[in-house]
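Visitor: Each chain, written out:
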Amino acid sequence: MPTQSTGPEVARAAAPKQVSAPLAVPQELEYVRFRPLHRVLHACMVVSFITLAVTGLSLKFSYTAWAALLSHLLGGFQSAGFIHRSAAVLMFATFFAHLGDVVRTKRRQRRSWREVLLGPDTILFTRRDFREFLATMKWFVGAGPRPQYGRWTYWEKFDYFAVFWGVFVIGATGLTLWFPIFFTRFLPGWFINVATIIHSDEALLATGFIFTVHFFNTHLRPERFPMDITVFTGQMPLAELRRDKPREYERMLASGELEEHLAPQHPEIVLRTIRVFGSIALGVGFAIVVWIIYAMVFAYR
Amino acid sequence: MGVVPPSCRFALVTAVLWCSTITVLPGRAQAPTTADAADCLVCHGEKGLSAKRGGRTVSLYVDGKRFAGSVHAAVSCTGCHADLEGKDIPHPTPARVNCGACHEEEFKEHSRSLHGRAVARGDPLAPRCVDCHGNHDIVPVGDSRSAVAPLRVPFVCGQCHREGTPVQKNRGIAQHNIIENYSESIHGEGLLRKGLVVAPNCASCHTAHSILPHTDPASSIARGNIAKTCTKCHAEIEMVHRRTIRGELWEKQRNVLPACVDCHQPHKIRNVFYPQGMADADCQSCHGDPRLRAADGRPVYVRASELAGSQHAKVACSQCHSEVNASHARPCDAITHKVDCSSCHAEIGQEYQRSTHGQLLARSSPNAPSCEECHGTHQVLSKHDPKSPTFPTNVPDLCAGCHREGEKAAVRYQGRERQIIRRYTESIHGKGLLQSGLTVTATCTSCHTAHRELPASDPESTVNPQNVPSTCGACHHGIQEQFVKSVHSAAVTKTSEPLPVCSDCHSAHAIQRADQDQFKLEIMTKCGHCHAAIAQTYFDTYHGKVSRLGYTQTAKCYDCHGAHDILRVADPRSHLSRANVVATCQHCHAGATRRFAGYLTHATHHDPRKYPFLFWTFWAMTVLLIGTFIVSGVHTLLWLPRAVQMRRELRLERSREEANGGATGSA
Chain W
1 MPTQSTGPEV ARAAAPKQVS APLAVPQELE YVRFRPLHRV LHACMVVSFI
51 TLAVTGLSLK FSYTAWAALL SHLLGGFQSA GFIHRSAAVL MFATFFAHLG
101 DVVRTKRRQR RSWREVLLGP DTILFTRRDF REFLATMKWF VGAGPRPQYG
151 RWTYWEKFDY FAVFWGVFVI GATGLTLWFP IFFTRFLPGW FINVATIIHS
201 DEALLATGFI FTVHFFNTHL RPERFPMDIT VFTGQMPLAE LRRDKPREYE
251 RMLASGELEE HLAPQHPEIV LRTIRVFGSI ALGVGFAIVV WIIYAMVFAY
301 R
Chain D
1 MGVVPPSCRF ALVTAVLWCS TITVLPGRAQ APTTADAADC LVCHGEKGLS
51 AKRGGRTVSL YVDGKRFAGS VHAAVSCTGC HADLEGKDIP HPTPARVNCG
101 ACHEEEFKEH SRSLHGRAVA RGDPLAPRCV DCHGNHDIVP VGDSRSAVAP
151 LRVPFVCGQC HREGTPVQKN RGIAQHNIIE NYSESIHGEG LLRKGLVVAP
201 NCASCHTAHS ILPHTDPASS IARGNIAKTC TKCHAEIEMV HRRTIRGELW
251 EKQRNVLPAC VDCHQPHKIR NVFYPQGMAD ADCQSCHGDP RLRAADGRPV
301 YVRASELAGS QHAKVACSQC HSEVNASHAR PCDAITHKVD CSSCHAEIGQ
351 EYQRSTHGQL LARSSPNAPS CEECHGTHQV LSKHDPKSPT FPTNVPDLCA
401 GCHREGEKAA VRYQGRERQI IRRYTESIHG KGLLQSGLTV TATCTSCHTA
451 HRELPASDPE STVNPQNVPS TCGACHHGIQ EQFVKSVHSA AVTKTSEPLP
501 VCSDCHSAHA IQRADQDQFK LEIMTKCGHC HAAIAQTYFD TYHGKVSRLG
551 YTQTAKCYDC HGAHDILRVA DPRSHLSRAN VVATCQHCHA GATRRFAGYL
601 THATHHDPRK YPFLFWTFWA MTVLLIGTFI VSGVHTLLWL PRAVQMRREL
651 RLERSREEAN GGATGSA
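Sequences listed follow chains W and D, in order. Throughout the first sequence, residue numbering follows the working numbering, covering 1 to 301 in sequence. Throughout the second sequence, residue numbering follows the working numbering, covering 1 to 667 in sequence.
Quick caveat, the hints were computed from the structure, so don't treat them as lab data. Every value quoted in this text rests on a predicted model; they were computed, and no experiment measured them. C-beta: ideal position from N, C-alpha, C; glycine also. Fair warning: there could be bad hints in the mix.
[As the list claims (entries may be wrong)] Cβ-to-Cβ under 8 Å is the rule here; a few derived chain D residues that face chain W:
id: 1; residue: Arg548
id: 2; residue: Gln586
id: 3; residue: His587
id: 4; residue: Gly591
id: 5; residue: Thr593
id: 6; residue: Phe596
id: 7; residue: Ala603
id: 8; residue: His606
id: 9; residue: Phe618
id: 10; residue: Thr622
id: 11; residue: Ser632
Next up, chain D with everything else stripped away, as it sits in the complex (with noise of 0.2 Å):
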């Protein structure tokens, strides 16, 4: 402005107080306002102008000509010093100026921020508006002249913030190195280095006038909010942290994810981060000597070559052991946290928090299997790996750990399945898996998930009966295509009574070839379990009979039945409908006919309303065979005394007989 001829000043000022006017504050009289400010600055444009204040000495000088320039012109001067409206000269000392009485939103911002209740509490080290604004010489934060000009705004912050303030000192920032730190970071570097002026300065991340702590939950950087702090800049990061975010998980889960920070240290973010980070070969520097231990004794030697082979080969330690910080001599003694697998492998951490054993392991017990207690730490490979536990053929083994019966997880268990890995391991699936070597076939994680093991009582866990045929149809599609148009699938039969699905007849565990003898007899029970009456009535033919001795050879239940597609006999697609019948008993008996079929399966002489015939026949013959035992019995029994002097007589005969004879002989 200085530059400005003198001649020239007074239509520059009312040009520029026209903009302004018009723009800024149509409502206001023009003329009155440079009068006022004229009339004020006869005096106070006098640069020696100034006043003991609290015994010191303060300039009272306003430079009119800066003034003039500033967003205020246009304000005469009892418009922020609205005290003096009036007042003879010389006017009493002004109080504060209240700029919330223009700027209501944000003085009421600044009233509720960190710096509004310093000035509340009447901290001296507290900022007001003109500590960052300055007074009569604002100028639109547009414009590059202005105190809190992005460019301009770290210096701002920086005369409280920077180290070895006062404030920085004493007022319990958390945060060291705050403006160093934010100009070497790659938002300072933007800002200061290249000029760019939408480069991220402190206000961008702590607003302007809402300064809150981080650990209020409506501050900007509130763990809650980074994400939404961050993204005003960095829209759709997200799409390039998939493997840690998955899109709003980030701010779902925010207390389990990682937010920004964490990662990307406030102040100190780098774009390239992860990659360089902490370098590995620094943690082996110590790591890699293998009588490294830690404080609590535990071994903390890694291994280089497990790393190199594990499917974390390409991962940076501090990728995993994300809390180091590098400006510390030990930068591993930030970390006060076992590893957050969960942070890349967020969907599965989801899955985990869910299970049993998750839900374990934030109860806090022993028995909580956490993640590297299956998958190992440093040397974690892929499932497809066959040196991995978790690759199919190791899994039954690994969940032995502890679910073999007398180990912690199977002591905990007070369900029905027993002997679990043992029967398993005899198992179709078992024998499969282990003796075949088949590894598609099912194994633990298979029916139980690998992440999201639930008991069988939630609704929600695979091995729920209501999930069991969907969960065995994964592998054994045609079976479920069957079973789901079965009288026994839930979506047929609506009913209050449990439906079988298929654990009820082929165990969970224990699973046996259906061709196999033993489950083919076992079977009947199984059916029994349900039908017990007609599962009974079944063992009094000769089918059940010849069963019941051990043989599998005659009709069982679905034999005539159907296994999977077991409908009602009344529904025509039954294979004992009236048009079917004929048909499966021709199974086994060629050139059966329709009066074949009549004979009664499930027949019973116990039954006189639905059998008459057989519950007379049977009692007639029962009465005869009584009637003929009472009888022959009676017969017997009154024969025996008789019987028994006969015999007593007869001795007696052939004694006398013989010593006749004896005599005789000797003559």
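One chain only, chain W, in its complex shape (with noise of 0.2 Å):
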């Protein structure tokens, strides 16, 4: 989960200062993007979102064999009814601990709502984001040079934004689901089938956005094929932040921050056991790209 910027523990996380020029930085030192809270909570978005995905999809999908042999291998709807709250919770939980954090953070740092929202690494759209998509745009097209992305690129910032709505949208249709009686209430019976639609097609265009969409735009694009752990790993190699986010770069070596920001690469270990979660979570997301598909087109009725 993207953030404003980061915070002075990964300063203390960074190695010592050995290293007085940026372009002399050895090797193993990398450029820290993400804190641990942030991984963390990346991580706890992966394994609720999918687990959502796969118990939700079972019930959308009810008319496939595929749904009805996932929904006995876990244990049956009730069970699957019972995990996918579960996993709910945990969504909810991280989705609040990271507005939590926003807070916390803006105040470890004294600054104001201003700077933060307003500041260069902003999470918020600003007209920079729209020239960078018009340059993007020209630069696919080959009429001009790869932009100069900051921090965030606007699709990054989508990506954000996308599941704050969706957190939202399915989260609020979700408790009405949840708890219909309740609901029912104060508003009416047949806004339970309203809610029904919108939570199932908004998780539909959830999924299928993730495990396509952002899946292709982090991962498998093919510089960075087959994964990017970054958002796990928490750095990335000084290099790739020049190329992928120079502005950041600049600002960072202006500022003369980056060695704040710099730490050593993560035990051999650590980086297999990320990639294989990693792995994990493209194959589940892959495969429920292909049933979604199956489901839609092949199997509809």
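Mind docking these for me? Both chains are given alone in their own frames, and the hints should help you get the complex.
Guide: This is the structure we're talking about:
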């Protein structure tokens, strides 16, 4: 989960200042892009999202043999429902942990909301994002150079707010379906039907989007293939930072904060574990995409 | 008459004639008649008077006294010999007397009869009136002197019909020893030995004048009329023949049911034919031999012990093999037909004939099961005997003999029901009967009946859709009571559409317990057969989706609508009426409110008129989804070539770095 700014603990975690010139940074030191909390939250997000997708789609596509198989694998629809709600709780927790972290980080850095939200690292869409989007389009068609992206590219910002939107829409309707008797105290009965449609279709949008667009944008881009594990390691090679987020690199370099943001590579076992986890998440995600396509196109009734 | 003194004769004759005239022929003048007779008797009273006719000497003597005592005494001679009226003596040979001039009815009957037709044919052996009744000495039938008085009839008939007469020899009379047999029969014995004039004589059965061959439907001894003829005396005989005859069946089904004479042979009737009849021991003298075979090689051995243990232990062989003829050296050589069980089991026989089985038999189909195929022959047992093939637990096996897949009935049958026996065996009924051993469980015959099996398409069939509720209701009465009041009952819903009956939801043979998961899950498709659209929309909701996954815990059709007591939602008694719907939801959703009950259990987002909210929500979401995917999809596809290019450059850069690094390392 992206955030506005790296915190001071990243600096503490960074290696001792042996390197004065940024270009002479030893190979083993990497730029720390995400704090541990962000990494954990993203992992929680992955786990809860995939769990919600698998359990939820097994109900949505109940007419496929796959769904029945999955439902039985999960111990029946009641068990699947329980897992679904547990994962929802985890996602809500992730969501609120992040919001809490935003507030806490802002306080710790003693920055105003204006600084946080309108500063150079802001997660909000700015005019620059729009310009970068147009420049990217030009680059795509070969009419210009690759734009100099900052800390958050516009598609990363889009992904971020997609989650906000999704958690709000799917979460709200999900709660309605979870507690229909409570909600029908003040909502009409047919609202449950409306909530079902919104919940189900928005979930379809979310899973479809994450498992195709997000996966491609982040992991399957040929230069990153097969996956980008930065969000779990929290670190990326300096060269990559320089190439993909040149504006951030320049700013770091200019402010002299870069050295504070360096850390040695994780041990190989950690990296391997992360890759295994990432592969599983990707694999499950693709399997779900295949299943969705099959269910929507070939088995729809 | 001979004993009356001559002096009294005139007075007596006068008196008799008086009476006769008054009673018989009141219109005739008395004086000329007597005078007339007396005139004739002048010559014909001479015993020696004779004439030559056809080369033979014929006596022309008329016994005046006997004539005077005859019923015709009051009739002048010319009353009968009308052609001699006014003729002078010596008058010509008179023509044959035409009795029909007065006895019109009898004459007509006689002319139509076998005897009359023989007369018309000019058969010299044909009997005319005089041959039975005599001529000048005819007395009333009630008079014991009459030639046709009851006691004398056998002798009158016997003149021609006793053994050895030309008639009996040459006129194709099928019956033999008629008079002998009759005289030994219960009828003959009563008449001839005991002098019971009311005992039937020949004319009682054959009539006096309308004697016709039994093949003539008008004959009193035609098969169709036998019963009527016998019941002239044996009124209400059917009361003691209940097992055979059952009231009027005797006359209605006469081609099937035995006529009296089938058992009580004509002329030989004994009052104790049945119980003694053909002594079973006589039959056993041949049929007790295990090696005995019929001419066609069939074993015809009858195990006496089998018979003794059977339901028919007290029934004599000849009661079933009724064609045996005791007068034959081999009584059974008279047998030409198979045993007809319906001669005793008349009602069952009639049911059977109506059934598919019976119809097949009538068409001589080799597939047709006759009585013996199910019940056996000599070892026939009661259906209450566990050893009987018709004992409830044995019935499925019995029927399976033909109806198991691959067997002859299953091959012939073209309907929808397949694997009947296997499915039944696995059904709740089959398990109840065969595994739990509950003999009250429905078996084949409980639904299809034992003897009146008919295809379901037959409106009279117990498994015809119209009759299925009452057939099932025979056991499931409480359910039937609910069902007949439901919207599915033809009594409630008047429609040309087919309404469902028990078997449409529960199936015919593969009936499951309604509390089994498979049944609960299948019932939705069953309802969906007719309620296709509404079932489809059910599957769009949570209840339906979970059900489709194979779980039974969510609401199925019957959980809300009821099972057998389904009513229109608009009906106040319906489970889903405004008054009841909240309580119905509360069965599963404790705490459900009226608003909660507003949940659309058959919602679909494909119907903009019925569910505009859902329709537009769905389309808004779909547009959002498609829009997002188009934008991001195009973005991604445009990116792809650039990304590939970047990858290539990166590789190049990396290999360059490696080359540099390697050079540095070695330096």
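Visitor: The structure should be examined with respect to each hint, and the outcome stated for every one.
Guide: Evaluated hints:
Hint on Arg548/D holds. Least Cβ distance to chain W is approximately 4 Å, under the 8 Å limit. Evaluation of the Gln586/D hint against chain W yields a violated restraint, the C-beta minimum of about 10 Å exceeding 8 Å. Hint status for His587/D: violated, given a least beta-carbon distance of 14 Å to chain W, over 8 Å. The interface hint given for Gly591/D is met, as the beta carbon of that residue sits about 5 Å from the closest beta carbon of chain W, less than 8 Å.
For Thr593/D, the interface hint holds, the least distance from its beta-carbon to any beta-carbon of chain W being 6 Å, beneath 8 Å. Checking Phe596/D against chain W: minimum C-beta separation of about 4 Å stays under 8 Å; hint holds. For Ala603/D, the interface hint holds, since its Cβ comes within 8 Å of a Cβ in chain W; the closest pair sits about 4 Å apart. Look at His606/D: its Cβ only gets to about 11 Å from chain W, farther than 8 Å, so that hint breaks.
Taking 8 Å as the C-beta cut-off, the interface hint given for Phe618/D holds, the closest approach to chain W being about 5 Å. Because the beta carbon of Thr622/D sits about 7 Å from the nearest beta carbon in chain W, less than 8 Å, this interface hint is met. Because the smallest distance between the Cβ of Ser632/D and any Cβ of chain W comes to about 4 Å, under 8 Å, the interface hint for this residue holds.
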